[in-house]
Each structure stands twice: as C-alpha cells, then as structure tokens.
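Asks: One letter stands for each residue in the lines below.
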Amino acid sequence: MSNGLIGVAVIDILLFLFLVLTAIAITRLRNLFAVVMLAGVFSLLSAALFVTLDAMDVAFTEAAVGAGISTVLLLGTLALTVRDEKPVTHSAFLPLLICTIAGATLIYGTLDMPPFGAADNPVQTHVAPDYLERTPVEIGIPNTVAAVLASYRGFDTLGEVVVVFTAAIAVLLLLGGGGRSRRHDDVSDERKKD
Amino acid sequence: MTMLLATAAALFIAMMMVLIRLFAGPTLYDRVLAVNTFGTLTVLLLGLLGFITERPDFLDIAMLYALINFVSTIAILKFFRYRALGRRSLQDED
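Just so you know, the sequences run in chain order A and B.
If you read the first sequence in the numbering used here, its first letter stands for residue 1, the second for the next number, and so on.
If you read the second sequence in the numbering used here, its first letter stands for residue 1001, the second for the next number, and so on.
Hints are computed from structural coordinates only; laboratory data are not their basis.
Just so we're clear, the structure is a prediction, and the values are computed from it rather than from any experiment.
Treat the hints with caution; some may be incorrect.
Taking beta-carbon pairs under 8 Å as the criterion, some of the chain A residues facing chain B (in silico) [unchecked claim]:
id, residue
1, Val-35
2, Leu-49
3, Phe-60
4, Pro-115
5, Ala-118
Cβ-to-Cβ under 8 Å is the rule here; a few derived chain A residues that face chain B [unchecked claim]:
id, residue
6, Leu-21
7, Thr-52
8, Ala-55
In silico negatives: residues of chain A with every beta carbon more than 12 Å from chain B [what the hints assert, rightly or not]:
id, residue
9, Gly-7
10, Arg-28
11, Leu-38
12, Asp-54
13, Asp-57
14, Ala-67
15, Val-72
16, Leu-94
17, Leu-96
18, Ala-102
19, Arg-134
20, Val-164
For each residue, glycine too, the CB sits at the ideal point set by N, CA and C.
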C-alpha cells in the first residue's frame, strides 16, 4: 500500500468522523437555522466522500442539489415557519431501534460484496468491456460514459430530463407564480378600501 | 507527498475548529461564517486530494464547490436581510 493510499484512507476516516459528528449535532440542536447550516455541511462532506470513491457525477449532484439548492429551499421554508424546533416529548427508543436495525441490515448486506475497485468484480466484467470496445466504433466519441448516457440509453435519459423538467415547473408554480399575483391583488384591494 | 499529507492534516484541524464554532454558535452570523469557511476548506481538501492520489482531475469539482458555496452564502445573507428569498415581504414595502 503506497503512501498516497494510506493518506486517502485516513482522509476517508476523518471525513466519516465529521459526518457522524454533524449528524449528531443536527439531531441535538433545536435552532432550525443552525440545523439548515449543518445539513449543508453534511452534504458537502458526503460529496467529498463521493469524490474519494471516484464517483464524480454523484459528487457533482450531491454538491449542487444537497449543498446548494436544498439549503436555499430549506431557508425559504424556514421563512414561513418558526425558528425553533418543539421539544420532543415522546420516547426516542422506537426510532433508535428502527435505525439500528436498518443500519445493521445495510452493513450485513455489504458483507458479501466483492472488494472495492478490484479488476475482476462483476461490475467490471459484465457489460463494461463490451461498451468500451463498441463505443469508439459505433458512436465515435472518446467519453464512454457520455456515449452510454446520450446514445445507448438515450430514451432513458430523455425520460429523466422530462421528469426533472416537470418537477422544476411544479416547484416553480408552487413557490412563485400563484402567490405573487394573489398578494398583489390583496395589496390593491386594501388600497382601494383605504 | 509528506508535504501534501501535512497540509491535509492542517486542513482537518482547521475543519474541526470550524465545526466546533458551527455547533456552538452562539449567534447566527458565527454559523454563516463557519459554513462559508467550511465550504472553502472542502474546496481546498478536494484540490489536495487530487494531488495526493496523483490525479488532479478533481480540480473542476472543487471549482463547482466554490461556486455553490458563494451562491449559498448570498442566499443565506439575503434570507437574513429580507426574511424571504424571492422578493421583499409586504412589511418591508410599506
């Protein structure tokens, strides 16, 4: 194991430590504004972890959606509600139990996974060599991932784009358009009464 | 390599201190500053990570982080100023 790999392992462990600390702080704090800030930090940390796993596209999405858009959306929600969380009255035993069982199940599921990044993993030997061989001949672009996304799975990507577009329109309608015109009407009505 | 790892250690110590400020507060402005600093430290860490693994391709995602960090800080401060993100509330206009 080279010096760099040990360095990356240590960085991984420290990032996970920060992630756990942030999660604990999110559950403990009652000030919702601080919780929103910590959720942004949580996303930044998980995106950094995705980068150390070489999952660039996932890290991009996590950074853009988790740290960027979610923070803004949560702040917008915070403007409509109170600033402090109500104290929890019921016992936290059942949620803790469910979380522990779910976590233990997930860890159990990783036990028989093949070693991370090994060349003879099923994910490297199944269809990946086929795509790597066919892409330069059939599509003629150097980036195999782009070829798979935009050409081999073109309809799938088109469907995803339609879903995201529809969701964006729905969110814009819910947040912006309707509210603005109604409130302007309210103002003009009040001024007429005055 | 030793130099890079020492830099990483320094970054982690700085991140730890920023996290403590983030957890403890006490004012909201402390937390905004802490989040902004934490984002900057993450950008630095990602850049450093590329050079530790000897593949500095991570630099573009570090740039994206820097952009997102800037936009979120602006959004948070705007939320402070106007109590809303879209436009001013009616109280401010009157």
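Asks: Return the numbers of the hints above that this structure violates; sort them in rising order.
Replies: Of the numbered hints, 1, 2, 4, 5, 8, 9, 10, 11, 12, 13, 14 and 15 do not hold.
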